[in-house]
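Dock chain B against the given chain A, drawing on the hints supplied.
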Amino acid sequence: EVQLLDSGGGLVQPGGSLRLSCAASGFTFSIYAMSWVRQAPGKGLEWVSGISGRSDTTHYADSVKGRFTMSRDNPKNTLYLHMNSLRAEDTAVYYCAKPGVVGGTMYYFDSWGQGTLVTVSS
Amino acid sequence: DIQMTQSPSTLSASVGDRVTITCRASQSIGSWLAWYQQKPGKAPKLLIFAASSLESGVPSRFSGSGSGTEFTLTISSLQPDDFASYYCQQYNSYWTFGQGTKVEIK
Numbered sequence: 001e002v003q004l005l006d007s008g009g010g011l012v013q014p015g016g017s018l019r020l021s022c023a024a025s026g027f028t029f030s031i032y033a034m035s036w037v038r039q040a041p042g043k044g045l046e047w048v049s050g051i052s053g054r055s056d057t058t059h060y061a062d063s064v065k066g067r068f069t070m071s072r073d074n075p076k077n078t079l080y081l082h083m084n085s086l087r088a089e090d091t092a093v094y095y096c097a098k099p100g101v102v103g104g105t106m107y108y109f110d111s112w113g114q115g116t117l118v119t120v121s122s
Numbered sequence: 001d002i003q004m005t006q007s008p009s010t011l012s013a014s015v016g017d018r019v020t021i022t023c024r025a026s027q028s029i030g031s032w033l034a035w036y037q038q039k040p041g042k043a044p045k046l047l048i049f050a051a052s053s054l055e056s057g058v059p060s061r062f063s064g065s066g067s068g069t070e071f072t073l074t075i076s077s078l079q080p081d082d083f084a085s086y087y088c089q090q091y092n093s094y095w096t097f098g099q100g101t102k103v104e105i106k
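Here the protein sequences line up with chains A and B, keeping their order. For the first sequence, my numbering begins at 1 and goes up steadily by one. For the second sequence, my numbering begins at 1 and goes up steadily by one.
Same shape as in the complex, but just chain A (with noise of 0.2 angstroms):
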């Protein structure tokens, strides 16, 4: 059974960082692409980063462009979303998703993360 274990998340203030992991099970990690997902509060989904198997490739939306960096350690089979410079704004609980399908970049997700949830206040 796939499970895919999200934490990190907490209060932190404007400017700051974080690091956000998802722990990853029962499927073959390192051949996955991985996303992370945010949903601000009462608000719908917005992709936020992706990045391939090998970790040659990383996405990112224009709204965390240059202060997020995704990165994942496949031995761990875990995913890290690094969050600098951080704005109310970012405030959202973040999910780590995986694709439903093996290689490319056209892909639905096919299972999330429960969720962190990452409060950007002074």
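Hints in this document: simulated from the structure, not taken from any laboratory. Misleading hints may appear alongside valid ones.
Facing chain A, according to a computed beta carbon distance under 10 angstroms, are these residues of chain B, among others [stated by the list, open to error]:
hint	residue
1	Gly-16
2	Leu-46
3	Phe-49
A quick note: this is a predicted structure, and the numbers were derived from the prediction, not measured. Backbone N, C-alpha and C define an ideal beta-carbon position, used for all residues, glycine too.
Using the frame of chain A, we list chain B on its own:
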């Protein structure tokens, strides 16, 4: 960037009703469209991919149709467990979600 527009934003319905949600893309996305269900405090759940393919384990009362720029999600007979929010998502070029449709009890 491809924009996704869902309608309606809120839908009031009764158990047993046939419910249809529409999603429009700002440019053609072929059939690269998915639908998700989300309940409060929970992660989204995949219902439909490739516009009309039912995810394993999802009840057959859910169906999807469309291609190009206009898509629909239909629930043939609304059940108590179906009161939730629904999101469309394009994956033709990066990933964009619609703003969501909340299905409420009438």
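Enumerate the violated hints, using their earlier numbering and listing them in ascending order. 1
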